[in-house]
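J.: Sequence:
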Amino acid sequence: MIAAWLAGMIPEIFKTILQAESDLLLRSEVATGDSPRRAALVEALLQLYEDEHTYDRDRQHYKNLAHPGLADQLRPYIADKTKGVIVRRVAIDIAESCNIQALNDVLLGVALDTSDNLASRVQAVYAIGGIGQDETRKRLKPLVLADDADDIRDELKGSALRALWPSHITARELFPLLKPPKSEGFIGVYRLFFSSELVKDLAPQDLIPALEFVTSLPQPRHEMDSSMESLMDGVVMKAWENMNGPGVTEALARFVGSRLKHHDDLIKGRMEQADHLTFLQDEDKRHRLLEAVLSVVAEDPECEATWLVFTHAPIIRTADFYWLISYLDRNLNIESQRVVIDLLLRLFDRSPEHLDAIYEAGKKNPLVADKFKSLWEPISLGSVHAQQLKARHEEEEAWKRQRDKPPLTPPPAERLARALQECEGRNPAAWWRITRELTLEPTSTDYNFGVEWDVVKLPGWLSADETTRERIILVAENYIQSDIPTSYDWLETRQWSSSVLSQYSALALLQKVRPMVMQSLSPDQIGRWCPIILAFPFLDDDGDRAVKGNLLKVAYKKSPLAVLDVAKVLIEREIEKGERVGTATELNGIWDERIANLLLQYAKSSETNPKSMSSLLSLLFSHDNLEAQSFASSLIPIPPPASDPERARAVAAAQTLMLDTKDVGWGIVWPAVQVDEDFGKQVILGISNDYESMGFRLNEDQLADLYVWRTRHLETPIHRSGEAYWAGLLDHVDLWRNAIIQLLIHRGSFRACEAIRKVQQELPELDWLKWVQMDAQAQARRATWVPARPQDIVKLAADREVRLVQDGDQLIQVLVESLERFQSLLQGETPEAPYLWDNISKSDAKPKDENMFSDYVIAFLSKDLKQKGIILNREVRIHRGQRTDIHVDAVTQAAPGEPYDSITVIVECKGCWNLGLYDAMKDQLVGMYLKDNHCQHGLYLVGWFNCGNWSEEDGRKRQAEKLCPTIDNTRQRLAAFAMDLSRDSTRVKSVVLDASLR
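In our numbering, the protein residues as written are 1360 to 2357.
Hints in this document: simulated from the structure, not taken from any laboratory. Each hint should be verified, as a subset may be incorrect.
[Unchecked claim] Computed list of lysine-lysine pairs in DSSO-like fashion (alpha-carbon distance at most 27 angstroms, straight line):
hint, residue 1, residue 2
1, Lys1440, Lys1497
2, Lys1644, Lys1620
3, Lys2040, Lys2117
4, Lys1722, Lys1732
5, Lys1541, Lys1559
6, Lys2040, Lys2021
7, Lys1559, Lys1644
8, Lys1559, Lys1597
9, Lys1497, Lys1538
10, Lys1538, Lys1500
11, Lys2225, Lys2207
12, Lys1917, Lys1927
13, Lys1597, Lys1644
14, Lys2316, Lys2205
Go ahead and model the full structure; you've got the sequences and the hints to work with.
T.: Quick look at the structure:
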């Protein structure tokens, strides 16, 4: 903003920024202070957006652009259908922000022109809704009367309704036009108009048609679009607030009846929490509505009145019991009385007060007496009614017993004591009984405590005193150290009985509270427990996994062969079942060469299925096992195998290389993907769920290649706009593709910009990538920008020749200025032009060739830019490229010797006699050197040697005189070529040096 502030004070700075970053000036009221500046800025901005060099993000600042001639500036852009969508949108937004009434006619023309672009029409209608005159707004009515098939998101219709309501369309006209949004998930003008704007301007006289509309809605709430539901709630609350209006109470009652048919709440969503209590605040008003509802319900047998008791916004409360009884005296309609009596039955709570009220009402009303007769009549013990009452009583008693559980007999502590005595009495194998008794609580009815194995978390341990806990630990120690015969049948079947689980419980308990006991076990003792240690699967958190990991370390240290033997059994079982080899992951914490060799042996086996092989390779890759990587690579020849099982193994190997190696296995996998499309599809689809980590291991060029391949070879899933759907493999691949673009943007490097440019070249149909490129370039500039040092700013102020260089445009300008100084030397007081000639002392002077001319330019630039320190914030590196081109690099350094960012300009040198003088700028400089290059800045340098001293015997002279007879003409032609070639991110300038002899 400092730059914009300076631009407001210094005209030269304003002009400079206007040419370079006109959108920056938009954000400053100071910089746009007078009408001429505003007009100039508008013109620059419109040109910027028309050239699509940026996109509109600063709408909130458009108000700063108002000036007397603005309408004339904007009209051509708004009216011209051949202009781009963005520049027209900007022009329309500026007109709206600055309230330019003179453009009402052109905005209306765009809005009503069915041949115009839909987006521009929507923008025009929206602007009319903001600034349009009454007559202009009225003329939008045809847009809401006809259904435009192209308006798939209802944006045109929504913008028109917004402009018309409430002044230019009545509620009677409006509500029949309302339909659910075409796009379920799109939140736009139409949906917002539905959900909030319409109700806000709903007048009391509009309530009857509004209530008729929401009453006519046929769906239950759960099938409605959320905007329709919001409209319904808004209308209901508005009607409640205005119930004194003519016919409103009756219309609201009919709405309530329509919702009762669906067992719907009357108020839902956001209003439910904030507003449902409003129905309780005015009892007289609520009773008035209730009377109207009862009349509606009585006339329609489909309405279930008793649902009124259960709605979240209750019209009927328990306290209305006596009011309903009094209603029976006031309303003699039989159907209404039946409805009320059903409600009384729902509210009746058998209290003495309710019994008295029903008894008195029954005396006067036979319908009440009949409904509640069971309260007073005797019940025959053998009757159906008696059986029903008995069953209900037994059900209630059973529920009470379940709720009020009796204490367990004998209690858990006594049961535990007996089990401890048995184990201590020379039967350590009964340890499983202890773990079972520890699961009991005082009111337990069985031993069902899931698969909880951790003793210290069991109820019996938590309630035990220290003495009991010590006894439990000693019994566990004795059990682990004993020579009890142990069956390993469960290892094959994986049937986890209580006795098997108890083995791990004892080991884990000792590892937690007495780890030295585990350390003191002999190899044979620990070997007996290796199966349960390695195979145990029930681990809930990191703490559980740490306990198992420590047990496994102890076991492997003392008895490695026993651990490996168990591992073989488990691995072979998983391979046989075609599973991922989870056992291999358990070995991570004890990894060594023996384990690596064992897993590699299984991975290489032809008996190992692809899924199991992949999991084994994944673990080996995580330990940087080069032999495993070599083996996986060997499975992927070029071309890949054509048939299974070799092809399936190749696919699995490729997927694992991509997911689990540092370089994504790119050099091996990508060539195979390129030569075999189906193979590539199998690989990519198989890893589409796990793409997140892979993106960070791919460089920019690889990301671009992957994006292009995926776009060309995998179809994009098509779903109806706005509707929820189940995400399949192609959807995950599509997410991956989109993630690649975001990764490239946020790399913050110019190499990423080049990668995006590569994608643009390969997929020119993706026009939107130009906006991606802009974001990537901005991100790269932010990441590589190095602020000027204070001492550089001081030097900049003191020396008019020194410069700060932040981008290629600035570097190319520095080179032009340097060559202007070179020109002064060539034709100065002591001219240096003769140094570019041969034989100047004789009569046959000839210009040196282009290579010598190029060398002389390099020498000058090195002296001028490097030795004199013209560029303050970068190191200048100048070197020869291909033949006559010169590369000028301006480099910043993050640390000594470590390049951080490099800006490059390629200088192509030509002599004025070169037959390709007017073609090489396009064909050579741009077409060869700048094409597919991170460098997009080129300088076309020509040495002009035409003079009388040039020997007639030199054939080059006649060519030069024909090609460029005058230096001014040559400069003009080349400057025009350079301007024409400077498009998109490419920038070209030309310089013609006068090297003639005088």
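J.: Decide, hint by hint, whether the structure agrees.
T.: Here's how the hints hold up against the structure:
About 24 angstroms separates the Cα atoms of Lys1440 and Lys1497, which keeps this hinted pair within 27 angstroms; it holds. For the proposed pair Lys1644 and Lys1620, the alpha carbon gap of about 23 angstroms is at most 27 angstroms, so the pair holds. At roughly 22 angstroms between alpha-carbon atoms, Lys2040 and Lys2117 fall within 27 angstroms of each other, so this suggested pair holds. Of the supplied pair hints, the one linking Lys1722 and Lys1732 holds, its CA atoms being roughly 11 angstroms apart against a limit of 27 angstroms.
About 23 angstroms separates the Cα atoms of Lys1541 and Lys1559, which keeps this hinted pair within 27 angstroms; it holds. Proximity of Lys2040 to Lys2021 is assessed by CA-CA distance (about 22 angstroms); at most 27 angstroms being required, the pair is judged to hold. Of the pairs offered as hints, the one joining Lys1559 and Lys1644 holds, with about 23 angstroms between alpha carbons and a cut-off of 27 angstroms not exceeded. For the suggested pair Lys1559 and Lys1597, the alpha carbons sit about 9 angstroms apart, so the restraint of at most 27 angstroms is met.
Restraint check for Lys1497 and Lys1538: the C-alpha separation of about 21 angstroms stays at or below 27 angstroms, so the hint holds. This hinted pair checks out: Lys1538 and Lys1500 have alpha carbons roughly 16 angstroms apart, not beyond 27 angstroms. Restraint check: the Cα-Cα separation between Lys2225 and Lys2207 comes to about 25 angstroms, which is no more than 27 angstroms; the hinted pair holds. The hinted pair formed by Lys1917 and Lys1927 meets the criterion: a straight-line CA distance of about 18 angstroms does not exceed 27 angstroms.
In summary, the hint linking Lys1597 to Lys1644 is supported, as the alpha carbons are separated by about 14 angstroms, within the 27 angstroms threshold. Taken as a hint, the Lys2316 and Lys2205 pair is honoured in the structure, with Cα atoms around 9 angstroms apart against an allowance of 27 angstroms.
In terms of the numbered hints stated before, the structure departs from none.
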